[in-house]
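Given only the sequences and the hints, what does the whole structure look like? Please build it.
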Amino acid sequence: MNRILSLHAFILLLASKLDFTLSFGVHPSFCQNRIKSSNKKKFNLKTASTSDEQSPEDQIPDINFLDNSRPDTEQRPSRIQKRNGLQKKQIEKTTFPPVENKFNQEWGVETIDDPSQRPMCPNSLEEVADAAFYAISSTLYCQQNLDPNIVSNAMAVSVTDKRPVGFAYWPAGRDVGRLGIEIDGARHLLTDHSRNMNQHKTNDSTPQRDLGSYDIANSISGRMATPREYEQQTIALEGRALRRLSLVLASQLSQGPWSGLEDMDDSEKDAKFKSRPVALFFNTIRQALLASKELQLLQKIAKLQKRENQYDNIRILCLGQDEIPKDMIKELGLDTNGKRRRKWGGSKELSEGVVNPKNGLILIVQPTDFNNEANPASPVIGTVQQLQTLVAKASIAHLPSVVIAPRLTEQFDGNGIEQSGYQKSSTYGGLEVSSMRI
Amino acid sequence: MRSQKKYLNNIFVFLSQPPKGPTPWILRDFIPPVFSWIGNTIELSKRPPSPPTLHDSNRQPEEFEISYISRVAITQTVMNQGHPWNIFVVESVYSTTSESGLKSKENNYHFIASTRPNAGRPSRQIILDILSEWA
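In order, the protein sequence lines correspond to chains L and W.
Quick note on the numbering used here: the first sequence kicks off at 1 and runs consecutively.
Quick note on the numbering used here: the second sequence kicks off at 439 and runs consecutively.
Everything labelled a hint here was simulated from the structure, so no lab data went into it.
Some hints here could point you the wrong way.
[What the hints assert, rightly or not] With a cut-off of at most 27 Å between alpha-carbon atoms, the simulated DSS-like pairs for lysine-lysine come out as follows:
| # | chain 1 | residue 1 | chain 2 | residue 2 |
| --- | --- | --- | --- | --- |
| 1 | L | K339 | L | K393 |
| 2 | L | K358 | L | K330 |
| 3 | L | K424 | W | K484 |
| 4 | L | K300 | W | K543 |
| 5 | L | K326 | L | K293 |
| 6 | L | K348 | L | K358 |
[Stated by the list, open to error] One-sided and incomplete, this derived list gives chain W residues near chain L with beta-carbon spacing under 7 Å:
| # | residue |
| --- | --- |
| 7 | Y547 |
| 8 | G558 |
| 9 | S570 |
[As the list claims (entries may be wrong)] If you want the footprint, here are the derived chain L segments under chain W, 3+ residues with CB under 8 Å:
| # | stretch |
| --- | --- |
| 10 | 123-133 |
| 11 | 148-158 |
Beta carbons: idealized from backbone N, C-alpha and C, even for Gly.
In structure tokens form, the structure reads like this:
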């Protein structure tokens with residue numbers, strides 16, 4: 001015991017001589033020495049070598065890390081200034097010139113120098129229908145490329161940076177039952193389509209007088225058309241082109257099985273699956289009748305080309321007047337009491353948006369609540385409710401519904417901005433704020 | 439929009455909710471479209487230019503062929519990697535033959551640039567800017 005006490009007295013004596021301060025906190029000089037030693041090796045950009053010695057500018061000032069509320073030396077303000085100056089330099093480096101910034105940062109404009117790598121644009125009615133069919137059929141079987149906005153949304157800091165994405169939610173295949181495609185300016189496709197058909201029919205390479213070469217400006221008894229007449233003719237041609245395009249698309253969708261996506265089982269090797277029904281809904285009865293006439297014309301051409309069954313499974317209906325054909329809706333099963341009952345788990349399938357494209361498809365052609373094909377143009381009441389009813393019934397029947405170029409006046413609001421705010425022009429219709437002000 | 443108290447998100451009796459945002463609610467399920475083809479984003483000329491007149495007289499030649507940039511078309515499809523909006527200029531070739539006297543028109547599409555999808559459909563102004571850089 002005496003030995004221990006003597007040892008303790010010796011340590012105290014030694015400490016008092018060396019002026020060693022015992023405390024529970026960390027001494028500031030200890031922290032400072034640790035920082036200095038960690039910053040000793042600096043990479044010199046000019047000489048591209050490491051140096052063990054510090055330059056006077058890089059010396060770390062004395063800062064009390066235990067008390068950050070107030071600076072403890074006069075060097076702290078100069079250190080803050082230095083940091084601010086560094087930030088300014090970095091911003092200057094990343095700032096682009098105005099035009100380049102707009103092209104790259106805002107819109108991500110890219111050009112492709114190699115002509116062989118450039119994308120091709122479908123330039124005939126059948127090619128556009130092919131491309132639309134490819135996109136619709138692949139999306140229904142989840143074979144499309146993923147939306148890049150899924151990643152950008154995951155990395156977005158602000159809510160305003162988020163974008164609407166399609167088919168991104170679990171489970172896979174959710175929401176594929178409701179698809180939209182946008183077609184505008186279809187009247188420019190009528191040229192090549194008519195020429196292709198005429199060439200098939202006559203095997204003649206000389207150019208034929210077709211709709212595309214039909215000069216609207218001089219079409220009215222040899223005189224120049226007034227702007228109003230020009231607009232009316234343009235609308236009529238646009239409507240006709242869209243009807244024809246929808247029929248060609250429907251005929252492609254009605255053929256089955258879709259190559260690369262559907263396999264024919266033994267149980268499905270019947271005539272029903274080889275051609276699935278497609279219901280085409282038009283806005284008005286007039287449009288439905290015009291589409292029937294167009295369908296008859298296409299059937300005649302197909303008969304001449306020995307493709308008789310190409311348009312046989314298309315039903316032309318009117319939105320708000322007709323229902324989904326009964327043969328497209330799967331009948332409910334009977335329970336032990338002989339009552340019609342929904343299948344167990346049907347509500348779960350409905351909430352997940354499960355669809356079966358083998359049973360058929362529903363195409364709604366340009367649903368609009370403002371009929372500009374009528375003279376004078378007039379509003380159509382109840383289109384939105386009828387569209388919602390039809391789409392809901394299709395979902396219950398597990399039928400996919402495709403909306404082609406919707407034009408709803410709901411796309412306007414009081415300020416004339418019609419879409420989700422981030423867009424400068426709406427996806428459907430292409431309306432822009434500037435054009436609204438004019 | 440229905441009038442309602444500030445603390446309510448829906449009407450108490452019929453449980454109807456006001457529309458959220460400027461996007462029409464019915465189109466929310468259909469945005470973004472899986473395929474877009476817009477043939478006339480910008481119409482540069484509605485009519486073909488007049489054919490050149492002959493030097494000796496004011497009459498027009500019986501056979502001629504004129505090509506001109508008529509419009510700008512844009513496309514987008516979910517089948518492309520990154521879903522870009524591709525921008526094309528359309529060169530229209532307008533010709534008349536002396537034998538039949540018939541006019542024909544042919545369209546050739548030339549790719550000029552593409553834009554990212556997160557900015558939405560390219561506006562008229564950005565297409566004009568790209569066109570001015572391309573020309």
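Taking the earlier hints as the rules, which of them does this structure contradict? Per hint list: single violation, 9.
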